[in-house]
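Chains as they are written, first to last, in the numbering used here: chain A, 1 to 439; chain B, 1 to 287; chain C, 1 to 298.
In short, the hints are calculated from the structure, not lab data.
We put the CB at the ideal spot given by N, CA and C, even for glycine.
Any given hint could be a false lead.
Claimed, not checked - With a straight-line cut-off of 20 Å between C-alpha atoms, the simulated PhoX-like cross-links for lysine-lysine are: (1) A:329 to C:217; (2) A:352 to A:59; (3) A:304 to A:179; (4) A:132 to A:304; (5) A:342 to A:329; (6) A:157 to A:329; (7) C:217 to A:90; (8) A:90 to C:53; (9) A:155 to A:304.
Unchecked claim - Computed footprint of chain A on chain B, listed as stretches where at least three residues anywhere in the stretch have a Cβ under 8 Å from a Cβ of chain A: (10) 95–106; (11) 224–236.
To be verified - Ranges between beta-carbon positions, derived for each pair: (12) C:65 to A:302: 25 to 33 Å; (13) A:367 to C:65: 31 to 39 Å; (14) A:253 to C:39: 30 to 38 Å.
Next come the chains, spelled out residue by residue.
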Amino acid sequence: MNDFRSLRRPMGRRTVLQGGASLALATAFAGSSRIAEAAGGKVIIGAFADGGLTPFKEKIIPLAKTQGFDIQFLEDEYGVTLEKWYADAKNAAGQYDLYLLDDPWVPQFGAADLLEDLGAGGIDAGDSDWIKSLIDMGWWPPQTGPRVAGFESAKPKLICVPFVGDLQTLTYRNDVYTKGAPATWDELLEMGKAGVAAGKIKYPIVFRGVSGNPIVTSWYPIFLSYGGEFFDDKWKVAFNSAAGKAAADFFVGPLKQNAPPGVVEFDSDQEGAAILGGDAGAIIQYSGNALKADDPAQSKVVGKLDFGVVPKKEKAIAQIGIFIAGVPKSAPNKANAIAFLKWYCGAATQAKLAEAGSIPVKRTAFQVPKPGNRLIPVALKQLDSGALPRPRTPDWAKVEELLGIELNKALQAGSGGGAALDVAAQKVTEYLTQMGYYK
Amino acid sequence: MTANLAAVTAFRRRAMATSLARFAVTSLLLLVVLLPIYWMVAASFKSNPEITQDATLYPHAPSFDNYRHLFSEREFGAFLTNSLGVTAASVFLALVAGSLGAYAIARFRLPFRLERMVGLSLLTLRIVPPVVILIPVYLLMLSLNLLNTWLGLILTYTALNITFCVWMMESFFREIPVDLEEAAMVDGDSRLTAFRRITLPLAAPGLAATAIFAVIVTFNEFLFALVLTATPAAMTMPRGTATLIGRIDTDWASMSAAGVVGALPIVIFALLVQRHLVRGLTMGAVK
Amino acid sequence: MRSARRARLQGAGFDLALPYLLLAPSVLIVLAILIYPLWDGLRASTQFWRYGKPLNDIGLDNYIALWSDPQFINSLWVTVRFVGLSVAIETVLGLALALFCLREFRGIRLLRTVLIVPMVITPVVVAIVFRLIYASDAGMLTAFSETLGGTPVQILGEPLRAFLALVALDVWEWTPLMFLILLAGLQSLPSEPFEAARVDGAGPWRTFVDHTLPMLKPVLAIAIVLRAIDAFGTFDQVFVLTRGGPGEATRLISIYGYDTAFKFQQTGFAAAMFVTMGLIMLALALAAVRLLRRAGPT
């Protein structure tokens, strides 16, 4: 492993003062030193612990080192990172050069104007090799779609670039779904039940039921496939439409009945254990756990898991949730960070990323002859067939929370999905009104 | 004669029953306290698959891998150093400032009973849960650019510790009769010299108890560390341990080892200073 | 001559200034780090914050909005239930333990030493210990259940069970503290009343109710108040154990405040929440002190 121990000595009081003085001096000569460092140098990356970054950590960071980039990779727990990075950027504390954000956080950082304009920094967003739906998420305000109050006429700036593609796909047991990925929800449940009867699996499906982000993420592809729309283009709540309610009722009813009994508690770990341990027939998940399917140390059903497009009701749409990289305005090694991003987003590096097993963000990289994971071609298929990000608003965290609470209650009860949506809709509307969305 | 024998036997039987009951209760209590701790220690020697998939009752192939991982890849050495340094500094500062202030409150009578007001305000701050001033302190450190620094943590912890250091030391000082100091002053000592030569040594047990209490509270502090620190440059042990509590891809093995490493220093410390610890904890209540 | 007089006056001046000088360091640090931020927080609580900046002054609107926020009310209610249940159990168990340990017996030293451990272990680690017990996939309860041929045990996913699990954690962690305080209290009681009662032929239960309890009341009261106040601010353990979930079952007010401030970025609203929480605590503490004074030692 990289030996950065010497670089990360703890700071004593005197060291802080001395460090502060030398930092002041160094900043005075910032101009000249920046040019010298532009070809490589230190980059401090902040990331949250997620299996989706393992290929990057293991294969790309060493590669970056050969290019002269000195990467310091600071990992923290997901639940803590948003607060920490936001505080770091707002405080201009300069602890990080690069954040590997979860894409719903982009509006929050964008609205507070904390990130560098990467387009002006030299990253070409017009490159046709970008997967359109992914690069679109890096703009604030978003180029298409409704805009949050106060940003209606602002000129969109590219403040983030996609870092590792990730989206939901279907993972299924090929000994249960022998004709390939189940095309519809009904097929998924029917053939799943047959699989249970045959003793091959215990439950047709597994998902995350914990209140908040997990349950809303689990429900989202079902909601989208039923034709649901979250907000209309005036930010009015639309998820409690007939389609939405049907999706919710299906979710807390038939879907729950065919899932493990503790699903209300499940988060990534438990749903992963269910599919990898052989108990579940199918799961819609991000690549993090999917990447473990072929690893005999982590999966008890190696060879029996295949990937496909999510099932449909009217459409088959998955949720996109990518790692997206932004550079805070207070980054201590800003030029290095941007140089690193340019190198990283280049087709060559992206191809290497695909070979290492992560979903890349440039189209040509998807077409490498030997992708590191069977998931990658399927991911491209899903992206092209239909994949949507979450609504681009800085208040998404609260909205997701409010919805998650109601959905979780309904899931526990095993019924009342539609009613839960109505309650959530009312709360979300109240909250958004308070925040000045409807003028 | 027979009556006596019967009485003695009955007494002996009751005594045996009592000690049997005592033994049972004691064993049960020891089990309740130690079993959870055993489980975490055992888990720290297992590997992740063994914990999640095999669910063994004891480590089948114990290894120190998790601990090695913590110190070489997870910066726990830095967390430990930060914790020790920050705790030592803030407890020391709080004791010094707090003892001086407590002495003033215990011995002097200021206009408008000012000293009593100060004492009461500090006590009030002690009562209010620290979470109440979490955001304001965060905003303060933010404006002073002291986020993620030792200095920021030390200032915060010193302030928090002073609130109860003053309160505790005040009652310890009051226990020491004023006559002793006055005798020394009559003999020519100044107030401060009397304080140093007479009062302090007598208050030493109280100082010890207060210090121990402060060390434990400061070392274990999490909330402010969570908000005020971000990188191994300043993260304390509890804060560092929290990086492993994720619900995605929970690294149970590392988490357990982190728990052991996080708890060990303070448990050893507490066991070494048991007597003073007990005194400090109970003194507030039994007056 | 004049210099001697001056020296005496200076000496007198120093003596007058001494208490202020002694108090200065404490007062200054506390003013700077605690009082000033508190004032800042009060100001923030009267503003509407958006995107990390105060936008406008809205007076007491945040405070009013607080009481119509169902999540705040819920978290208040959860906290009250948590504190009430935990402290009650801790007091009863602590008292029982103290009575049990009143007289020396074999193993009491070991017991007392071991009992210290739960309350000094970092609360974050205590939560880790209990997560390792409760986890439905990797936990001790599941391991025991599966060894005996059963199914995985679900605790943290079911709201009521998660709540009780949290209470159990708190009881495990803090009963020793109550035990120590009450033991010290019991040991400090004068023995004459008990001698007299025994001579009068009173049984153990009678002695307890008529003599022990009343004399122990002040210590009991202080212990309960102190513990309750600390319990209200419980954060670390919940943060690590359940993060407030499932749903809102264990969302104590400290967790909700933290989320409001840092996850939803509603800085002003969260500040109002914490100030309210502090005022509630103060009110409770004052009420407790008033009760104590009125009860008094008999």
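| Can you list which hints this structure breaks, lowest number first? | 1, 4, 7, 9, 10, 12, 13 and 14
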